[in-house]
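Enquirer: Spelled out, the chains give:
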Amino acid sequence: MSSNAPSFDDDFEFIPDQITESRRRAGKLLVRVFFALFVGIFALQILYKTSMIGFGFENWRPVLYAYLAWAVAIGVGQVISRGEAGYRALFVLPAVMFVISVVIVPTLFGLVIAFTDYNLASFEGQKFNGFDNIVQLVQDDFFWNAMRNMVFYVLAVFVEYAIAFGLALLLNADIKARKFFRVAFLLPFMLSPVAVSWMIGKSLMENRFGPVARLARNLGWDSPAFFTNPWIARISIEIMDAWVSIPFIMILLLAGLQAMPRDVIEAAKVDGANPWQNFWKITFPLMLPVSATAIVLRIIFKLKLADIVINVTSGGPGGATDTLSSFIFREYRDRSNVGYGTMIAIVYLITIIIFITLLLGFVSKRMQKMT
Amino acid sequence: MTSKAEEAGNFEHDENRFRLLTILSRVLIYSLLFFWVFVSLFPIFWTLTTSFKTAVDVTRGHIIPWVEFQPSWKGFRSLGLSPDTIWATSTVRDEFLKRFTNSVITSIGASTLAILIGSLAAYGLSRFQYRFGFMRNKDISFFFLSQLILPPVVLALPFLILYKELALLDTTLGLIFLYTLTVLPIVIWIMRDQFDTIPAELDEAAQVDGLSSWGAFFRVILPIALPGMVASFILSLILTWNEYFFAALLTSSEAKTLPVMVASQTGSQGINWWSMAALSTMAIMPLVIIGIALEKYIIKGMSAGSVK
Amino acid sequence: MRKEIYEAIMRRQASRRSVLKGMAGASATAMASGSILGAMTSSASAASGSAALRAELLKIPGVGMGSPTDADWQKVGALTLGPTKENVAEGEFAGVELTFMGLNNQNLHNLLFRGFLKPWEEYTGAKINWIDLAQADYNARLQQSIATGTVDFDIIEMGAPFEGDVTGKGLASEMPDWVRKQIDMDDYVGYLQAPVGTWDGKTYRISIDGDCHNFNYRTDYFESKELADAWAAEGHEGPWEVPTTWQKVQEVTKFLKGKKDPFGGDAYGYLDPLKGWGGFGFYFLGSRATAYAKHPDDPAFLFDPDTMKPRINNPAWVRAIQDVLDAIDSQPPDQLNADPGTTGFQQFLAGTGSMLSWWGDIGSNAKTSDGSVVGDVVGFSILPGSDDVYNSKTGKWETLPSGPNYAPNMAYLGWGVYVMARVDSDSKKHKAAWSAAAHLGGKDISLWAAAYPSGFQPYRNSHFNIDEWVAAGYDRAFIEDYLSSEADSYNHPNAAIEPRIPGIFQYYSVAEDELAKIYAGQYDAQTGADNIAAAWEKITDQIGREQQIKLYKASLGL
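Chains as they are written, first to last, in the numbering used here: chain A, 348 to 718; chain B, 791 to 1098; chain C, 238 to 795.
No lab work stands behind these hints, which were simulated from the structure alone. Note that this is a predicted model, so its numbers are computed, not measured. Some hints could be false.
[What the hints assert, rightly or not] Incomplete in silico selection of chain C near chain A, CB under 8 Å: (1) G319; (2) N376; (3) A377; (4) Q381; (5) A384; (6) D541; (7) P739; (8) F742; (9) S746.
A virtual CB, placed ideally from N, CA and C, is assigned to each residue, including glycine.
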């Protein structure tokens, strides 16, 4: 359980290696040489591309190679100059260097265009327009409407979580043909969102001949329409998304259930608690760390919900099912309104980061209280 | 695994001394299980059978093959994959096969890379205290997680320019890098939970035996966490296999993948239900096979903590 | 009453036939002169094939023989290589590689082009690489390619609305004269002639498709005795007949609510697609509005050409929006979530609803698609007119002395093939690219594409030779009705022609968003229309007002 993690490092006494001064210097020199190489090639390429000098590379690929060489040099340098501590840094360095190399340029670029009126069709190109985009955002009904819908969608994650928990408990019970049930329950997660939109949203839930509509009619709903009334539409979209995603939560929870320490259950057995008490007193608290990871990952996926909405309702009726991602999608892609679209995304990103930080803080506080 | 579950069963059994109640709970459990099997599988059954339906059978919502409609090879014929067209030349089939191959390479490549560097980072974050400037372990974890948050659509233009300059447009390698980025946060979070559940005593024992931190990782910890890696590998595979947005943006004629072809079955003239269903069926097949083959690892993997 | 119906039908048929006869006569003359010259070419062009060749083409694989296969596409491509062979020597383009960007629209378009161009590749020695896009990605991908300088294709399949973005920015290659001759551009129907396809007097476009909205209706509804009796019993004015004005369409639609469809099931009147479709949904409001908004004396109907001030919130457009709102209660359930695709292919063709505006493919699918149940009961005409028309200059509604105002909506203008300017520097590549494009836009190949499932509609006067279609296996009455409605729209003097200004789909897309709110009852028609107008003004300012005014005027031929 991750809750046990913090105690971990305390047990794990770290003794720094004895590193000679020359070794330390050699390591630093190595990193500096490759850094200089990287900067040099980078500068050369900038000069070439801006036509300040006549020679250079056809594309920026060599700069990428220089970056890779520098990254390797940092790793080697860490080991040379810091010994064991360097080896330890080596675990996390590749991932960090990789992520930075892939996202740094797009992120900076995004920050710049968020403050412009960049429209791809424009003849004049982009113009810096200060905080106009933010002002527009605050006044944009579509933005606030999508935000309100997101509250609903995010709250629905807890319903998904409850169902997934139930399914995980079922699969964890003493049942026959366990393998069949597990694979069957996992299958919906494998279907691509495009196929889900069409095969379910536009075919299964089609209001005249779709099997779901036929079922609804047999149950006494005269003219079923799943995407006309705002609330029914929102719930229909949520059901489709839940159908795809519940297996994801379920698998994480099932794994957690299987990992539950046996001695705790034994102890509870002696107590003579009934299954319901068992669940709330023992299983649920023990599952909290896994649940937190599952819910946080799921909420992040939910906040990016777009495909199904775009394909099935285009955000309708009257914006009732619109998500922020599908709104950004229309603004950025359909309308090539790149500057404004990027600003919405950045504001959204900041909102989410604050929200997730609060959520994580809340969860860890609760967990400390309960365990 | 089974024995533990049986014990859990026995334990419930003892608790509810009433036999009737046990039978009732059995009935309840199995009816719930079968209900959810129906919920999970009916849409997939619908997709599968739709690939054998004519348009009228689709719009009329016919469900049961041979009773309500006569299956035909329509969907697979449109892809050049039915028995009567499999040997004839077919542009559509060539297109499908090329995209299928690319999808396999891209998703396996990206998932492998993500597992590789993701597991290392997760292990590091789980075992050691880092400090990069103001960032501590918690912040580094969150930094990785935050890469998952930004709606991909706003990265469209920046990535187009970046990839153009790096000559990575329309290359499988470029797509692999990007997909690695998208699944890396998930891998790191899941694997960090995994490593956290493996007692640190194991590392210490290994180091007492004279192994370095990397030696301990590879010889002792990795084998225990391997099933967990398989599980996150499968999750990554599913997510990258179905990625549509960047595939549509960054590939042209060489690195193109399957999801764009699925989406191409709709357009200004409605939708080719049968070929979309056939494509979806073909696209889900490899995942199902992998799911069946590796299912036990998913469960075992995540439950590495049972060593406790 | 029956007599009146009969006479009304005869009048309309007569006017259609005369148009058609004239056209068939014209193309027959062209063909005759061709045979007198004893060559495969006529004096007017280098591309018109012999009648025998055209008849042979239309037998591949034959109407009712199932969908054409890859082999059929290649056969058609090989048979129509004649004009290419006149301009290009065998193996002339050996070593040339071209990249072609287009759609994979349900495994047609680009995949069809592959088949068509395979014999061309074999003959010329060039090789083509293909970029297939899904329709939903097309606009974004094109805009982003242009903006980031990642135009990595030499030939593009593109709709006319994007001309402003591509040719307006100097990215397209001007058409050489030999291509103009090879494809016989004079054969294009009226609205596809210049200024469409041209920019600043230069020609860029090879048309491969024609697009306009026409009016599709169910003949069984309007021949139904029961409905006719009910119509009279409810005291409606005039006979029970296919409505020819939007005023009548509204009346019929409301009348049909609660009645029974001749197939069984509930009857519905005119179908409004109420959900957006990536900008394409706006065309359907356009089709309702053009008769109100497009005055015969004024070429513009969407913006004021002098100021780019939107007309979307003028009384004409607001009336069209109000019409949609008034008819919402008479629509099928869940219509709020029906985009045009659903409305056309899953409702109208599947037997729900009796009237619909759509491009030509509803007509061709009605007979050939196995999803259609209306093949024998579908009729066609140009879009309904209006008793009065709004004059933007005077700000008044006018009744024209000539009767109702008709203004067919030339929505999207169809697909074309364009060559990108990046081939201009390499003369061999330049010729190869244009030769490939000309092959796809050839006169004879297009006849086949118009007659068989291809995703493309008739767009040449020579496509309207009924005898050719009948010889290929089409039912004469059906094809006459279908082709004449197309021809009447294409050559209509008061056609409302798609503006080809840059970013036009941005305007449509934002309008769809606001329309969705109006249809969901959040705003009334006027407020909603004002919102659209405000959003449009913002887009215009963003793209550059001066530039837009200039281009809008150019696109209108002013």
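Enquirer: Work down the list of hints and note, for each, if the structure agrees.
Expert: Evaluation of the provided hints:
no.: 1; hint: G319; in the structure: violated, 40 Å
no.: 2; hint: N376; in the structure: holds, 7 Å
no.: 3; hint: A377; in the structure: holds, 4 Å
no.: 4; hint: Q381; in the structure: holds, 7 Å
no.: 5; hint: A384; in the structure: holds, 4 Å
no.: 6; hint: D541; in the structure: violated, 20 Å
no.: 7; hint: P739; in the structure: holds, 4 Å
no.: 8; hint: F742; in the structure: holds, 7 Å
no.: 9; hint: S746; in the structure: holds, 4 Å
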